[in-house]
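**Q** Listed here are the chains, written in short residue letters.
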Amino acid sequence: MPAPLDTARLIADRRPGYSLPAPFYLSPEVFRQDLRLIFGRHWLYVGVEPDIPEPGDFFTVEIGNDSIIIVRDDDLAIRAFHNVCRHRGARLRAPGSGIVGNLVCPYHQWTYNLRGELIQNQHAGEGFDRCKFSLKPVHIESLAGLLFICLAQTPPEGFAAMRASLEPYIAPHQIANTKVAFQKDIIEAGNWKLTMENNRECYHCTANHPELTVPLMEFGFGYQSSPDNVAQMANFEELLARQHVGWTECGLPSAEIERLDEITGFRAVRLPIARAGESHTVDTKVACRKLLGDLHRADLGGLSVWTQPNSWHHFMSDHIVSFSVLPISADRTLLRTRWLVHKDAQEDVDYSLDKLTSVWTATNDQDGSLVERAHAGVSSGAYEPGPYSPFTEGLVEKFCEWYLDRLATGLESDEQ
Amino acid sequence: MPAPLDTARLIADRRPGYSLPAPFYLSPEVFRQDLRLIFGRHWLYVGVEPDIPEPGDFFTVEIGNDSIIIVRDDDLAIRAFHNVCRHRGARLRAPGSGIVGNLVCPYHQWTYNLRGELIQNQHAGEGFDRCKFSLKPVHIESLAGLLFICLAQTPPEGFAAMRASLEPYIAPHQIANTKVAFQKDIIEAGNWKLTMENNRECYHCTANHPELTVPLMEFGFGYQSSPDNVAQMANFEELLARQHVGWTECGLPSAEIERLDEITGFRAVRLPIARAGESHTVDTKVACRKLLGDLHRADLGGLSVWTQPNSWHHFMSDHIVSFSVLPISADRTLLRTRWLVHKDAQEDVDYSLDKLTSVWTATNDQDGSLVERAHAGVSSGAYEPGPYSPFTEGLVEKFCEWYLDRLATGLESDEQ
Amino acid sequence: MPAPLDTARLIADRRPGYSLPAPFYLSPEVFRQDLRLIFGRHWLYVGVEPDIPEPGDFFTVEIGNDSIIIVRDDDLAIRAFHNVCRHRGARLRAPGSGIVGNLVCPYHQWTYNLRGELIQNQHAGEGFDRCKFSLKPVHIESLAGLLFICLAQTPPEGFAAMRASLEPYIAPHQIANTKVAFQKDIIEAGNWKLTMENNRECYHCTANHPELTVPLMEFGFGYQSSPDNVAQMANFEELLARQHVGWTECGLPSAEIERLDEITGFRAVRLPIARAGESHTVDTKVACRKLLGDLHRADLGGLSVWTQPNSWHHFMSDHIVSFSVLPISADRTLLRTRWLVHKDAQEDVDYSLDKLTSVWTATNDQDGSLVERAHAGVSSGAYEPGPYSPFTEGLVEKFCEWYLDRLATGLESDEQ
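Those sequence lines, one after another, are chains A, B and C. Residues in the first sequence are numbered consecutively from 1, following our numbering. Residues in the second sequence are numbered consecutively from 1, following our numbering. Residues in the third sequence are numbered consecutively from 1, following our numbering.
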């Protein structure tokens, strides 16, 4: 029987600027703490309003052993409930999506309306008070169409501030006027933090992402200057400055926001597309000829948004790619990717799924392999934390700092 | 490292009339206690005499990590042994059934007769005393042809009383003169107690069992009276009273026996088949035209028998369906179903397997889905125990009460 | 929550001459101790020099969660490193084999030469000291071409003594002048010690290995004399004595060496091939017509070598079969088998793979089934240790004694 893990001590002993000690990636005990203190107490990105445009539309999201139903009510309000019948606990709906009038448990037909109220059940007897058996609600908020839930009784501070900051950036892409053209789930064979760390740097891009590095400019993600690249970097900075002026003229905020260290942490920046391109596609041209919202130009670069602990997004003129990270176990992580286009765009007329999705489908697969390789390696007894690059892995360090701080705060609150 | 689970405290705190707290369904520790204190110390239904009609016939049954060989000796006695060689512990027989002369371990040919005595082994040396290396016996009893084993050194009280009560009900169906026409194993993705709870109510039948509810009268399994069904319920009661008279005239005991709260708990009742039918088939008519035992009428309703902790059975005029629940892990349960017909009945002449098995094959699959759905739901952190219906889930509550009482008693005996 | 396992107490209480108590085979805690104290602190057989004949050739070996790269450097030296990048811990190479110039981590292109030195990495900043980030070395030694690694900082004593003893026996087969004609991995569903115990006796051979017992003489592996076999045993002893004389004349040491109880324990003996045969093949004739080394006769019997804790080998005149046991989990074990022939032998000219490999492929599969059967049996609560035969299972007992002594020593060193 190994000694109980002292997570607080592990946090205190962690060397800043270095990858995390192995138990953070491997320990089932830390994983339970992650679920309880990180995923249980922060705002989680889980989907978009266009997942459920009409009354009765719903989808579920699974986080650890929890399952949450997110549903559009008849008054168009979006609500979230635990996917657990109040009778004997059966799941109301299998994981997935669909359309419902009421939420009817298939086991014994306990029936809830879309406000979560129990409105029908048989054989309960005279004194049974249905009011006491509503579905358990989950906090849900829309940020310009991005849906965030919080499983805690009392959500943490900061959502309003995040919305205030990000809404002007995201709003021009009008998520409400998009549809989900494609969604793909992959399961990565690694800890969710390795998935997040992999997302927070592009140091690995050149060697691993031949498709992504066509439209993506790595210089936007941190670089060490050297005699070899000093001219390129200067060019990039000049281009960036020029483009920011243009974007501002178009009414598109583009300056970097970096508030990753807040409880509800986030970051946003608009960056040019490489090769004077337009979008995250194999030829850098738009994948959908019907542009988003009221945008009239295709060459508007890409707005990238990151939130703590579990999402990132790229908004182009023609489409949006949106990523949600959902932990399954200490060594399994679901990456759910949605591609959004204008809701009136027609497949095979305005866009082809293949062009729309090929860059990020390939990139996700490549990243999945890297995460698996990283997880296998840190599982070795010989692993010891190594140094993050101060130039290219600064955002990885910020993710780790946020994570450790939030975990430590959670553990402290347990003790009180 | 989570705090050790205090099962005794969980038992004491459980709210009567409500489904069990989550650890009873999920905790590997409770599962080990279930194996040790419930399955290790009570009479378990595992099969029928017709599984092993001839000398040398055997079958195995797996309970947790244990495997037991049940064999018919040359003197026709039925014996049970742990399926573990006394040399280096190898399994004597792979799970399944067959015919043997002696039990020979395939590893080093240690050879046991069907009384479990070691009668041959090589290279043991001069002073080796074979008497000390008999197979470890397991208690086994036949109740009118139903085989029950007990893994404890000293079985609990109550088997004789159960036999005295049930034998007159079961005997007319003459299990000894049947054969196993079909056996099917399914693995349900849930805790064994969810399998049992699901069996102990028919509240879920109407919406989930379109095949079963053709022959089965739900009124026999508890119902809340309402203006809608008061006339139907009165009709049912009247029918039942009338049939009890008829069954008594045929020499078939039919009054309800309800002793589910005893250590060796059980229940029996004979109920009419719906639609003035005869058997558990899609058209309610007999599946086998050769009736069981000395029965001369097909329309004798169905005798249902339940035993704690792991079985139920339906005896009709033409066939018997018999169910054995065997836990695999906290979240996996084997349901083994046998269909018995008269031993002289010929397949495709007197009965077709399809008609014989279709109702309960479909019903088992439906129940398996419900158990999986229930297990998934109670795994959620949002699950809290909900109320059983006093009208339709009284037997579920009785199962839970029996289980908790037996578990508490076992835990207390540990402390002494 | 079960009480913590007291392995030291289990060791002290073990009854000599009997199979091990169940926790040694089943407990995940003992398995972790096995990895740490047995596999982490002793010399492990992992492969042969002909796996990596040329500069840049490498193969990996996985032991528990560890992965080690074994590589031939440009100076022909053989080196071993942990397969873990010093940056963020990613596995440098997926499990398997291949050819490299340098070892380049695919994640961020950290580049190591074949001495394990970090020679290239980008974006590290000015003060970065590459000397501090060499790959972690693993001790490796060649014993006449058999490669042994030790994961401990300081290897245990005894390797030099083992080499001095075994080299004269093995050298005539000239491993350096062989090639790996075939390699096969099988995963046995049992604890690694059951794999080893199975290897250390031939009591099970007659009934389980119809192919192997054609060339193998069981009398060489221990036998209880009896009126039935006394003449056969005398014949065998006479044959053995006669052959030892002949082997000595050929310059082949053949006397039994038995030092299995040393920290770096081993055993060797040359035995005749049955039926006046030559090799471990279905017809007992050589599988490869090009003999090994400078051997000029085919009928040289078989040199068998065993090492603690994880290998055995058979050297014939025409080929070598070599076995490496690698634990995966408490109930899963990898058995990796290599067949070696003269490096100049041509497939389908000098040998056919089928004849070369058929005896041991069949034998391994049979042994895998036995190990699975043994593991299933000892998992039963009814298992208790049984007696080893003093005639046929003496080497099993020696393996167990070595294992328990080494484990006890390791546990004691923990406490100091």
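Bear in mind the hints are in silico, worked out from the structure with no lab data behind them. It is possible that part of the hints are untrue.
[As the list claims (entries may be wrong)] Result set (BS3-like, lysine-lysine): computed pairs, CA atoms no more than 30 Å apart in a straight line:
hint : chain 1 : residue 1 : chain 2 : residue 2
1    : A       : Lys-136   : B       : Lys-398
2    : B       : Lys-398   : A       : Lys-132
3    : B       : Lys-355   : B       : Lys-343
4    : C       : Lys-136   : A       : Lys-398
5    : C       : Lys-179   : B       : Lys-136
6    : A       : Lys-290   : A       : Lys-343
[Claimed, not checked] Derived DEER-like restraints, expressed as beta-carbon distance ranges:
hint : chain 1 : residue 1 : chain 2 : residue 2 : range
7    : B       : Arg-332   : C       : Leu-411   : 32 to 38 Å
8    : B       : Ser-413   : C       : Asp-6     : 50 to 56 Å
9    : B       : Gly-125   : C       : Asp-405   : 23 to 29 Å
Cβ atoms here follow ideal geometry from the backbone N, Cα and C, with glycine treated the same way.
**Q** With reference to the structure, classify each hint as holding or not holding.
**A** Going through the hints against the structure:
{"no.": "1", "hint": "A:Lys-136 / B:Lys-398", "verdict": "holds, 28 Å"}
{"no.": "2", "hint": "B:Lys-398 / A:Lys-132", "verdict": "holds, 24 Å"}
{"no.": "3", "hint": "B:Lys-355 / B:Lys-343", "verdict": "holds, 17 Å"}
{"no.": "4", "hint": "C:Lys-136 / A:Lys-398", "verdict": "holds, 28 Å"}
{"no.": "5", "hint": "C:Lys-179 / B:Lys-136", "verdict": "violated, 51 Å"}
{"no.": "6", "hint": "A:Lys-290 / A:Lys-343", "verdict": "holds, 9 Å"}
{"no.": "7", "hint": "B:Arg-332 / C:Leu-411: 32 to 38 Å", "verdict": "holds, 35 Å"}
{"no.": "8", "hint": "B:Ser-413 / C:Asp-6: 50 to 56 Å", "verdict": "violated, 24 Å"}
{"no.": "9", "hint": "B:Gly-125 / C:Asp-405: 23 to 29 Å", "verdict": "holds, 25 Å"}
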